[in-house]
Each structure stands twice: as structure tokens, then as C-alpha cells.
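Q: Protein chains in written order, with the UniProt record's numbering: chain A, 1 to 204; chain B, 1 to 204; chain C, 1 to 204; chain D, 1 to 204.
Derived from the structure by calculation, the hints contain no laboratory data. Glycine included, every Cβ here is placed at the ideal spot set by N, Cα and C. Worth double-checking, as some hints may not be accurate.
What the hints assert, rightly or not - Here's a subset of chain C near chain D, in silico, CB distances under 8 angstroms, partners left out:
#, residue
1, A20
2, I24
3, V37
4, S38
5, E39
6, V47
4 protein chains.
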Amino acid sequence: MNTAQPPERTSERLIAFLDAAIAISMTLLILPLMESVSEAVADQRTVVEYVREHSWQLVAFALSFVIIAMFWRLHHGILHADTSAGRRRTNLQLAWLFTITVMPVVTALTGGLDTGREVVASYIGTLAVSAWLLFTIAVVERRTRTAAGLPVAASIAAMPLSLALLFTLALLLGLLVPSYLWLFVMVLVTPLRAILLRAGVVGR
Amino acid sequence: MNTAQPPERTSERLIAFLDAAIAISMTLLILPLMESVSEAVADQRTVVEYVREHSWQLVAFALSFVIIAMFWRLHHGILHADTSAGRRRTNLQLAWLFTITVMPVVTALTGGLDTGREVVASYIGTLAVSAWLLFTIAVVERRTRTAAGLPVAASIAAMPLSLALLFTLALLLGLLVPSYLWLFVMVLVTPLRAILLRAGVVGR
Amino acid sequence: MNTAQPPERTSERLIAFLDAAIAISMTLLILPLMESVSEAVADQRTVVEYVREHSWQLVAFALSFVIIAMFWRLHHGILHADTSAGRRRTNLQLAWLFTITVMPVVTALTGGLDTGREVVASYIGTLAVSAWLLFTIAVVERRTRTAAGLPVAASIAAMPLSLALLFTLALLLGLLVPSYLWLFVMVLVTPLRAILLRAGVVGR
Amino acid sequence: MNTAQPPERTSERLIAFLDAAIAISMTLLILPLMESVSEAVADQRTVVEYVREHSWQLVAFALSFVIIAMFWRLHHGILHADTSAGRRRTNLQLAWLFTITVMPVVTALTGGLDTGREVVASYIGTLAVSAWLLFTIAVVERRTRTAAGLPVAASIAAMPLSLALLFTLALLLGLLVPSYLWLFVMVLVTPLRAILLRAGVVGR
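Using the sequences and the hints, build the whole thing.
A: What follows is the structure in C-alpha cells.
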């Protein structure tokens with residue numbers, strides 16, 4: 001038996017697996033729309049009536065699509081395929097994937113139920129947990145690459161931290177006054193990132 | 001810390017992600033059929049009755065399948081994996097992906113509702129927006145590759161522009177006289193492309 | 001502008017796209033089961049009652065899973081990523097993909113409706129069309145690789161032809177006496193392949 | 001005709017195909033949640049009521065997500081893309097994939113029906129079959145790589161065997177006293193693996 005160590009696994013297959021799952025979650029966001037379309041068809045509504053009755057469902061769909069796309073782009077910017085995929089790092093990625101996988105469920109809740117404390121918290125809370133996990137991923141990635149002598153941009157953790165702080169802020173505000181409008185605090189994400197970098201909180 | 005720049009990201013992972021999402025959208029086109037099959041099963045219809053009652057739904061499914069396949073093939077012809085994936089270009093791709101992701105929804109509307117101004121507009125309009133975005137992608141791709149000194153076929157924008165113009169024409173005609181038959185203007189796509197190339201509108 | 005020809009596209013992205021769509025079709029085969037499970041849950045049936053009432057649905061699911069897996073394995077054996085993806089060959093692949101995409105729909109029909117001439121024809125007919133398209137793909141692949149001087153196993157078209165002939169036979173028999181048992185003619189696939197190869201019908 | 005043998009196929013495309021299908025199965029676990037959300041929306045329940053009424057469904061979803069993720073990670077650790085994909089090995093992988101594909105169905109049964117002998121057996125039984133197949137895959141992989149002179153970790157079969165034994169134990173206990181709590185025997189997986197390795201049952 002050839003007892004040499006087999007080649008160490010890089011993150012390539014892990015990334016491909018995550019991407020497939022994220023792409024599916026993003027696409028399954030249309031499921032509540034598909035269902036409401038088939039109801040509208042059964043009731044012979046017009047398209048205008050359909051859009052009017054389901055406007056909030058459509059907004060929730062578009063919003064979640066944009067947010068998952070943004071998370072994916074961020075994840076794309078953090079992870080490199082040449083880093084080895086250790087067990088802990090893999091688990092961390094899969095935990096993050098869990099938050100993306102439940103997005104269609106919380107989006108359906110958000111698009112269907114009246115705006116209340118609990119439903120706002122379940123939607124924004126999922127986003128906050130996802131962002132904190134992505135921040136952890138970025139920190140671990142930077143440490144792993146630094147330890148392995150691989151090149152790494154010191155600033156990769158700044159954007160996820162900025163997102164995590166703002167989603168947490170939006171969550172707290174949403175618990176006080178239930179509204180999705182608090183998500184507009186996200187416009188501060190770029191200035192906050194710049195402040196975090198300048199303050200040296202997350203490396204520069 | 002190794003402060004060398006990590007290797008610049010190419011479009012490879014972006015393309016794989018888009019392809020996964022497009023493949024899912026294409027497959028989710030069957031969802032309204034699955035639902036109507038389960039109704040037909042509950043009512044113990046025969047296959048012939050099922051096909052007769054849902055003929056338009058079947059046509060809409062096949063049409064959307066062909067159109068998404070055509071869009072994918074075109075996208076495949078435009079994007080090269082060796083171009084770097086900048087932030088703006090990534091956003092542009094994700095915006096285009098959004099139009100593909102909603103295709104199962106507008107297909108379900110089209111297959112289920114009576115042909116009217118609004119439903120024709122939502123179907124052909126989605127296709128027109130998708131084609132214009134693909135045209136923008138082609139223009140940006142050509143410019144990026146030219147700037148980076150990478151080889152590029154000057155004509156890659158001709159087909160998307162040709163599609164975008166014809167879908168827009170079909171949309172306008174469909175708003176005047178609501179009908180999906182206007183989509184037959186698409187037979188002009190190859191001659192129009194030739195004219196656009198000869199006129200030098202989109203490079204040659 | 002760098003007017004050199006960009007690198008010719010190989011079939012790599014096409015294969016990845018097809019595989020994603022095939023994997024999804026294969027997985028969506030469970031949709032009728034998911035629906036009948038939620039009905040069984042609503043009626044508080046036991047698992048044994050559920051299996052008894054939906055035994056044919058379960059058989060149809062398993063059968064289609066095995067058949068799509070077999071088609072995929074065959075496709076995997078035919079296509080090489082290093083062949084260039086021309087427009088016609090791409091269209092041929094996408095036409096074949098269409099037959100795989102409708103498999104969940106015809107499987108749902110088969111699992112739900114009583115065995116009749118039409119439903120047997122729609123199920124076995126889809127398989128026959130799929131096999132003939134795969135045979136065409138194999139023939140074109142062999143010709144393309146031969147023309148390009150690439151190595152190719154002359155026998156790659158034998159198995160698809162064998163499948164196509166037997167599915168067609170099963171279809172004809174099923175039109176005479178409606179039954180899925182005719183699919184047992186598939187046990188002849190290996191001997192028939194050997195005969196076809198010996199007779200030199202499809203190269204050796 | 002170039003009669004040289006075309007390059008032998010490695011497991012690369014097989015792995016990508018499996019990963020796509022596993023990612024979809026993992027994501028389709030949310031389908032029962034999507035359905036119960038749309039019922040909760042129709043009945044205008046609050047999120048708290050929804051969670052209370054569907055708590056077991058949510059637990060079943062999270063449990064199955066974690067288990068599929070664990071199976072994927074294990075599979076990732078066993079299979080190497082550089083091993084050639086023979087026909088038998090491919091069939092073995094596809095048989096294993098079948099057990100993953102039915103996971104959303106047995107999860108929906110588990111999340112919806114009262115805990116009884118049959119439903120516990122269908123859930124834990126599926127996991128046991130899946131683990132035994134993964135063990136077989138590991139044994140075959142080790143033998144194939146050893147025969148081909150490729151490096152291989154002798155211990156790759158220890159974890160799947162450990163899982164298979166414990167899932168079988170949980171299944172037997174669950175048949176005696178129907179309960180999902182028997183799944184807590186899985187905490188023994190790491191010590192059992194160490195014992196199996198020390199005893200030399202699966203190589204060291």
C-alpha cells in the first residue's frame with residue numbers, strides 16, 4: 001500500500017457545493033410567488049390585481065434576492081480555493097449555509113404575514129446571524145492564510161463586520177418599532193467599513 | 001503577514017454560480033405542470049384530457065425552456081472565464097440573473113391567465129429587459145477585454161442587441177394588440193444581426 | 001484592439017450546465033412524494049398506509065431515478081470536455097436535456113393515473129425520444145472527434161442505439177397492450193449492444 | 001480515425017454531479033416548511049404560533065440538514081477526483097445518492113406524523129442504509145487506490161463504519177421503543193471510531 005499522504009484537500013469542492021446550495025436557495029425564493037400565481041390563475045385575477053394583492057410578497061422576494069446575491073459576492077471575495085479545507089472551517093461554512101437555506105422560509109413569512117415584532121425579528125435576525133457567521137469566516141480565513149504564508153488582503157473582515165453591526169442595529173430598532181424600513185441603515189455600510197478600517201479594528 | 005496581493009479573481013466562480021441558478025430556473029419551469037398533473041390525478045383525468053386542458057401551459061413551458069436555453073447559449077458565447085470579475089460586472093450579471101429567475105413566475109402567469117395586455121407585457125417585457133441587460137454585459141465584456149489586451153470577438157454584442165431590439169418591438173406590438181404571436185418577429189434575429197454588423201453599429 | 005481569436009470554447013461549461021439541470025430533474029422526482037406525504041400528514045395516516053396507497057408512485061419515482069442515473073452515466077461516457085462546443089452540438093444537447101427535464105412531469109402522470117395506453121405512451125415515449133437523441137449525440141461526437149483527430153472509442157454509439165431500439169420496442173408493445181412491464185425488454189440491452197457491435201452497425 | 005484510447009475518465013464529473021444533487025436535496029428540506037408557512041399565512045397565525053405548532057417540523061429540518069452536511073463532509077473526505085470512475089463505483093455512488101435524495105421525503109414524514117415504530121424506522125433506517133453504502137464506498141475507494149498505487153489514508157473507512165454501526169443500533173433500539181432520542185447514540189461516533197482503528201478492523 002502506498003502510505004504517502006494523499007494530496008491535501010483545498011476548498012474547491014466545498015466552494016462549488018456551497019455555490020450550488022446558495023444558487024438553489026436564491027431560486028427557491030420564487031416558490032411563494034409560484035403558489036400565489038396558481039391561486040390567482042384559479043380565481044382568474046388579472047396581472048394588475050395580482051401585483052396589487054401580492055406587492056409585499058414581490059418586494060420581499062426582490063429584497064431577499066438582492067441580499068443573498070450580496071452575501072454570495074462577499075463570500076466570493078473572502079474565500080480562496082487554494083486554502084485547505086479543515087474540518088472546523090468546513091463546519092463554519094455549513095453553519096453559514098444554514099442561514100442562507102432558511103432565507104426562503106423567513107422570506108415567505110415576511111411576505112405573507114402582517115409586519116409585527118416577531119416576523120421582523122425572524123427576518124432581520126436571520127440576516128444578522130448570517131453576517132456574524134460570515135465575519136467569523138473572514139477572520140478565520142485571514143488567520144489560516146497568514147499562518148500558511150499565503151497572501152491575503154488584511155481588510156477582508158471589514159465589510160462582513162460592518163454588515164453584521166448594521167443588521168444587529170436594524171434588529172434592535174425593529175424590536176422597538178417593528179418595521180422593515182430599518183433595513184435602510186444598510187446605506188451606512190460603506191462609510192462604516194471605512195471607519196472600521198481606519199480605526200484598525202479589523203486590520204487594514 | 002504575507003502582504004502580497006492574493007491572486008485576482010477571474011469570472012470562473014461567478015460563471016459556475018450563474019449556471020447553477022439558470023439550470024434551476026429552467027428546471028423549475030415544470031412546477032406549474034407538476035401542480036396541474038396532481039390536480040388531473042385527483043380528478044382522474046386521462047392524459048389526452050390533461051393535454052387538451054393544459055395545452056397553453058405546456059406551450060408556455062416549452063417556449064420558456066427554449067428561450068432560457070438560448071439566453072444561456074448566448075451568455076456562454078459572451079463571457080470568458082479568464083476575465084477578472086470586478087464588482088460592477090458581477091452586479092450586472094446578477095441583475096441579468098434576476099430576470100432569468102423570475103421567468104418561471106411570468107411563465108406560470110402566461111400559461112394560466114387569458115391572453116391580455118398586461119400578461120403579454122409581463123412576459124415579453126421580462127424577455128426584453130433580459131436581452132438589454134445581456135447586451136450591456138456584452139458591451140462591458142468587450143470593453144474590459146480590450147482594455148486588458150485580451151483577445152475578443154468584436155461582434156459579440158451584435159446578437160444580444162438584435163434580440164433586445166426585436167423583443168422590444170414584440171413588446172410594443174403586444175401592447176397594441178395583445179398576442180404572443182408577435183414573438184414570431186424573432187425569426188428576423190439573424191438577418192437583423194447581419195444588418196447591425198454591416199452598419200458597424202456594434203463593431204464587426 | 002487585440003483581434004486575435006479568443007480561445008475556442010470547449011464543452012466544459014456546457015457539461016457542467018447539463019449536469020446541474022439533470023441533477024435537479026432527478027431530485028425534483030420527489031415532488032409528488034412530498035405532496036402525498038403532506039396529504040398523509042393532514043389525514044394522520046400511518047407510514048404503512050401511506051406506502052400501501054402510494055406504492056405505485058414510489059415505484060415510478062425509483063424507476064425514473066434509476067433511468068435518469070443511467071442516462072447520465074451514458075452521457076458521461078459519450079461526451080468529452082475537450083471537444084469544442086459548436087452551436088449545433090449545443091442545441092442537440094439542450095434538446096436532449098428537454099427530455100430529461102420533462103421526466104418529473106411524466107413520472108408524476110405515471111405514478112398517479114391508472115395504467116392506460118396514453119400514459120404508458122407518454123412515459124416510455126419520452127424515454128425513447130431521449131435515447132434516440134442520445135444516440136444522435138454519440139454519432140455526432142464520434143464524427144466531430146474523428147474530424148478533429150482526437151482519440152475516440154468507436155463503440156460509443158452502440159449502447160445508446162441499443163437503448164433507443166429497446167425503448168421503441170417497449171413503446172410499440174405498450175401501445176398494443178398498455179403495461180409498464182414491457183420495460184423489462186431492457187434486460188436485453190447488453191446482448192443487443194454486443195450484436196450491434198459485431199454486426200458493425202455502429203463501428204467497433 | 002484516431003484509434004488511441006481517449007483519456008480515462010476521473011471521478012471529477014461524477015463528484016460535481018453528486019454534489020449538485022446533494023445540495024438540492026439539502027435545500028429541498030425546506031419544502032414542508034414553505035408549505036406550512038403558506039398555511040400559517042392563510043390562517044393569519046403569528047410567528048410564535050407557527051413555531052409552536054411546527055416545532056417538530058423545524059427540528060426535523062435542522063436535524064436532516066446537519067446529517068446531510070455531515071454525510072457530504074464525510075464523502076468529501078473519502079473520494080478523490082483523481083481516481084478513475086469505473087462503472088461499478090459509479091453505480092455505488094448513485095445508489096448512495098438515492099438515499100440522500102429520499103431524505104426530504106422521510107424528513108417530511110418524520111416532521112409531520114406522530115412518533116411511531118414505522119416512521120422512526122423509515123427515518124433512522126434510511127440513515128443506516130446511507131451509512132452502510134458510504135462504508136462500502138470507502139472500502140472500494142481504498143482498494144481501488146491501493147491497486148492503482150495512489151496514496152490513500154488507510155483509516156478512511158473507520159468513520160463510515162462507526163456511523164453505520166451506530167445508526168443500526170439506533171434503528172434496533174427505535175424498533176423496540178419508538179423514539180428519535182436514540183439518535184443520541186451518535187455521540188459515541190468518535191470513541192467508536194478510535195476503537196475500530198485500534199482493533200485494526202478497518203486498517204490504521
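Q: Hint by hint, note whether the structure agrees.
A: Hint by hint, here is what the structure shows:
1. A20: 5 angstroms, holds
2. I24: 6 angstroms, holds
3. V37: OK, holds: V37 of chain C within 8 angstroms of chain D, min 4 angstroms.
4. S38: 6 angstroms, holds
5. E39: At 10 angstroms from the nearest chain D Cβ, E39 of chain C fails the 8 angstroms test, so the hint is violated.
6. V47: 4 angstroms, holds
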